[in-house]
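Heads up: the sequence lines are chains A and B, in that order.
So that you can map any letter, position 120 of the first sequence is 119 in numbering that gives the first Met the number 0, and since no number is skipped, the others follow by simple counting.
So that you can map any letter, position 31 of the second sequence is 30 in numbering that gives the first Met the number 0, and since no number is skipped, the others follow by simple counting.
No lab work stands behind these hints, which were simulated from the structure alone.
There may be inaccurate statements among the hints.
[What the hints assert, rightly or not] Under 8 Å between C-beta atoms, here's a sample of chain A residues computed to sit facing chain B: (1) Phe314; (2) Gln374; (3) Val375; (4) Val384.
[Said to hold, decoys possible] Result set (DMTMM-like, lysine to aspartate or glutamate): computed pairs, CA atoms no more than 25 Å apart in a straight line: (5) A:Lys186 to A:Asp139; (6) A:Lys284 to A:Glu341; (7) A:Lys284 to B:Asp38; (8) B:Lys318 to B:Asp24; (9) A:Lys284 to B:Asp275; (10) A:Lys284 to B:Asp331; (11) B:Lys321 to A:Asp153; (12) A:Lys114 to A:Asp153; (13) A:Lys284 to A:Asp336; (14) A:Lys284 to A:Glu346; (15) B:Lys321 to B:Asp10; (16) A:Lys206 to A:Asp110.
Cβ coordinates follow ideal geometry from the N, Cα and C atoms, glycine included.
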Amino acid sequence: MDLSYTAEEEAFRVELRGWLVAHIPEEWTAPGYWASLPEEQSFQQRRDWERDKALAGFAGIQWPTEYGGRGGTPGMKAIYDREMVLARAPQTVNPLGLAFLAPTVMAIGTDAQRKEIIGPMLRNEVIWCQGFSEPGAGSDLAALSCKGVRDGDDFVVNGQKVWTTNAVHGDKIFTLVRTEPGSELHKGTSMLLIDMRQPGVEARPLKQMSGASEFGEVFFTDARVPAAECLGQIGDGWRTAMLLLSFERGASGMAQYTEFRRQYDEIAAVARHLGRDRDPVIRDKLARVLVELECLRYHAMHVLTQVEQGRELGFEASMTKLQWSETFQDLWEVFDDLLGEEATLAEPVPGLELAAMHAQAMWSRSVTIWGGSSQVQRSIVAERVLGLPR
Amino acid sequence: MFFGLTDDQRDFGAAVREFLAGRFDLEAVRAVVEDPAGDGHPGALWTAMGEQGWLAVLVPEEHDGLGLALVDAQVIARELGAGVAPGPWRGTVLAAEALRLAGSGSQQQRWLPRFAAGGVVGALALRGCADDGWPAVEYAEVADVLVVVDGTGLRLLRPEEVATTRHDSFDATTRLARVTPAGSAGEPLPGGSPAVLDELAARAAVLAAADLVGLAREALTRTVAYDRDRRQFGVPVGSFQALKHSLADLHVGVTMAEHAVLYAAHALDTDPASSDTALAVAVAKAKASESALQTTAAMIQYHGGIGYTWEHEAHFFYKRAKRLAGVAGGVDVHRARVASLTLGS
Chain A
0 MDLSYTAEEE AFRVELRGWL VAHIPEEWTA PGYWASLPEE QSFQQRRDWE RDKALAGFAG
60 IQWPTEYGGR GGTPGMKAIY DREMVLARAP QTVNPLGLAF LAPTVMAIGT DAQRKEIIGP
120 MLRNEVIWCQ GFSEPGAGSD LAALSCKGVR DGDDFVVNGQ KVWTTNAVHG DKIFTLVRTE
180 PGSELHKGTS MLLIDMRQPG VEARPLKQMS GASEFGEVFF TDARVPAAEC LGQIGDGWRT
240 AMLLLSFERG ASGMAQYTEF RRQYDEIAAV ARHLGRDRDP VIRDKLARVL VELECLRYHA
300 MHVLTQVEQG RELGFEASMT KLQWSETFQD LWEVFDDLLG EEATLAEPVP GLELAAMHAQ
360 AMWSRSVTIW GGSSQVQRSI VAERVLGLPR
Chain B
0 MFFGLTDDQR DFGAAVREFL AGRFDLEAVR AVVEDPAGDG HPGALWTAMG EQGWLAVLVP
60 EEHDGLGLAL VDAQVIAREL GAGVAPGPWR GTVLAAEALR LAGSGSQQQR WLPRFAAGGV
120 VGALALRGCA DDGWPAVEYA EVADVLVVVD GTGLRLLRPE EVATTRHDSF DATTRLARVT
180 PAGSAGEPLP GGSPAVLDEL AARAAVLAAA DLVGLAREAL TRTVAYDRDR RQFGVPVGSF
240 QALKHSLADL HVGVTMAEHA VLYAAHALDT DPASSDTALA VAVAKAKASE SALQTTAAMI
300 QYHGGIGYTW EHEAHFFYKR AKRLAGVAGG VDVHRARVAS LTLGS
């Protein structure tokens, strides 16, 4: 066991911290600040800030410098993930691109794709969306029907995608499309990189139960995409998608722990404010969640070790997703339990402003659905890790 | 960053596992369980423990030990849990730890080499006092050296200085006895400060937690293997989603408990007095206890009727989990500690 980072990694932490302190205005770190802005302004402000951060060298931490990354270590990436949360840095506007598309491009993209995609993504010149789910293909992604028909050097795409993060801001969308007519299930699909800024693509916001619109719908009506704009082989889109989803499920446990632990402390502060922190039932519920949160932290160290040793995480990533998403949801259920008859009020007692926390509690309902629902993850763990029969 | 076991530590664990599989399997455990009048201390197993260094793991090299860390000791504890093995390993290791942390130079010189070689059996009691006695002490009847808490300090007692009364305990993989003083106060360990008592309690909790995660992992592995083969309705019962999802959750829970025990052991090795370590120990014991209780209950349930029979081994795991879940603080105790450390007391 050696839980320390190298001197070089610690030096990176100091440098990053210095930059973040100098470039995050105090008012941005106030609870509810971002939610208080008009959506468009919030997006633009974050987009610009993130570009500046990339230009300062704090983006693409683990990716090679020749593609615009920093060429750092997995340890630096873990440090970056944690420091960003500690500094209350603005949330990325390119989450799907950074977390999922980029590592997939680095793994199986052509050299030209790496050069074309990574740098502009880091500088937010291109905002990426993910086009996987459809109205008829959610957990059963292989039931997708969005189809691409070959026409010369292009595919002509028709169909609909849904639950698309940042749909209305998107410039391009990596889209799982059925490109072989008559094919079924996971065969005959391709991961096409479609330009959203064309007449054949329409994005509409989807209003969520929280009232916010992080997700949207994307409609393709004779949208065109060059056949060369395909990630992985044509017809082999399922393999590309599975690789991509493995990055999603293994998402940074260190960042999640850091953020959730702060939320735990915020919920504890509310409990104190309401005089509920002495309640043995509340204390037991909070402690139960904290046990799981600390396990998430240890698990993140385990995952980082695997990455540093060049080991494939494989289906273990499903376990990571289950641990963080279920724990996050449990945490916010305790918050709801605190409030009693005032459970739904934005200001349950004068001076205690909880709208932003209610929004988090609402959001917690989504995390066990997107990126592979908890039920799908449990089936993966049971079949692929434990070897139970299908 | 390296969070995990080294190859040497893995090999150490594999050696314990292989020894138990070959020389002290579940049939041997059953013989101990079905002989409740016996001392539960098989001589051949004890001899092997001494020969193979399992008892020397934490004893410093200057006292003929291996001078290894709690991370290494928890490797052994896990395998003993996986094998639901009887015998006074933990009591002996912890009594030696008490001497290492609190004993005088001459006490250490006298006892530590003998603990390391398996020449003497130890027992540690961190609950109780001279007036009321010390309850539920593991293998007190066969102990050559008993280290007991008394007020705010520690005392060393020899067998002739105590009386022991066997408890009737449903976990027959371990023998427990009440210890009472028999006319002598024994000798004090001069270094038995409150901080040392806290550290001993933490080390006891981590070794119990390690046994629990070892037995939980084994219970899960055995249950999965059974449910892959067992057919009902024309298919393996393990193909039913009701079982799959439950077993998946148990796998996640046991894995997290394994991480937590490893982290807590390392925390005690490197920074025993810190609040992060105190939190880690409470997390590890709470999580290990909970996972083992859930997994061993599921072991019975997902074996169906056979799992409820005496002839099946599920009850060895279930009963041992029930006992160890309470040892060195139960789930509630450790959750309360987690609450105190993160919410204020």
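Hint check: is the beta carbon of A:Gln374 less than 8 Å from a beta carbon of chain B? 7 Å, holds
Is A:Lys284 within 25 Å of A:Glu346, Cα to Cα? 23 Å, holds
Can you confirm whether the C-alpha distance between A:Lys186 and A:Asp139 stays at or below 25 Å? 14 Å, holds
Are the Cα positions of A:Lys284 and B:Asp38 separated by 25 Å at most? Violated - the C-alpha atoms of B:Asp38 and A:Lys284 are around 42 Å apart, more than 25 Å.
Straight-line Cα separation of A:Lys284 and A:Asp336 no greater than 25 Å? Holds: A:Lys284 and A:Asp336 sit about 10 Å apart, inside 25 Å.
What's the verdict on B:Lys321 and B:Asp10, does the C-alpha distance respect the 25 Å limit or exceed it? 29 Å, violated
Closer than 8 Å between Cβ atoms is the bar; does A:Phe314 clear it against chain B? Give me holds or violated. Since chain B brings no Cβ nearer than about 11 Å to A:Phe314, farther than 8 Å, the hint is violated.
Is the Cα-Cα distance between B:Lys318 and B:Asp24 25 Å or less? The hint holds at about 17 Å.
Verify the proposed pairing of B:Lys321 with A:Asp153, using a straight-line Cα cut of 25 Å. Violated, at roughly 65 Å.
Pair hint A:Lys284 and A:Glu341, alpha-carbon separation not exceeding 25 Å: Holds, at roughly 19 Å.
Is it true that the CA of A:Lys284 sits at most 25 Å from the CA of B:Asp275? 20 Å, holds
Interface hint check: A:Val384, Cβ to nearest Cβ on chain B, cutoff 8 Å. Holds or violated? Hint on A:Val384: holds, closest Cβ of chain B at ~7 Å, below 8 Å.
Violated hints, in rising order: 1, 3, 7, 11, 15 and 16; the structure is consistent with all others.
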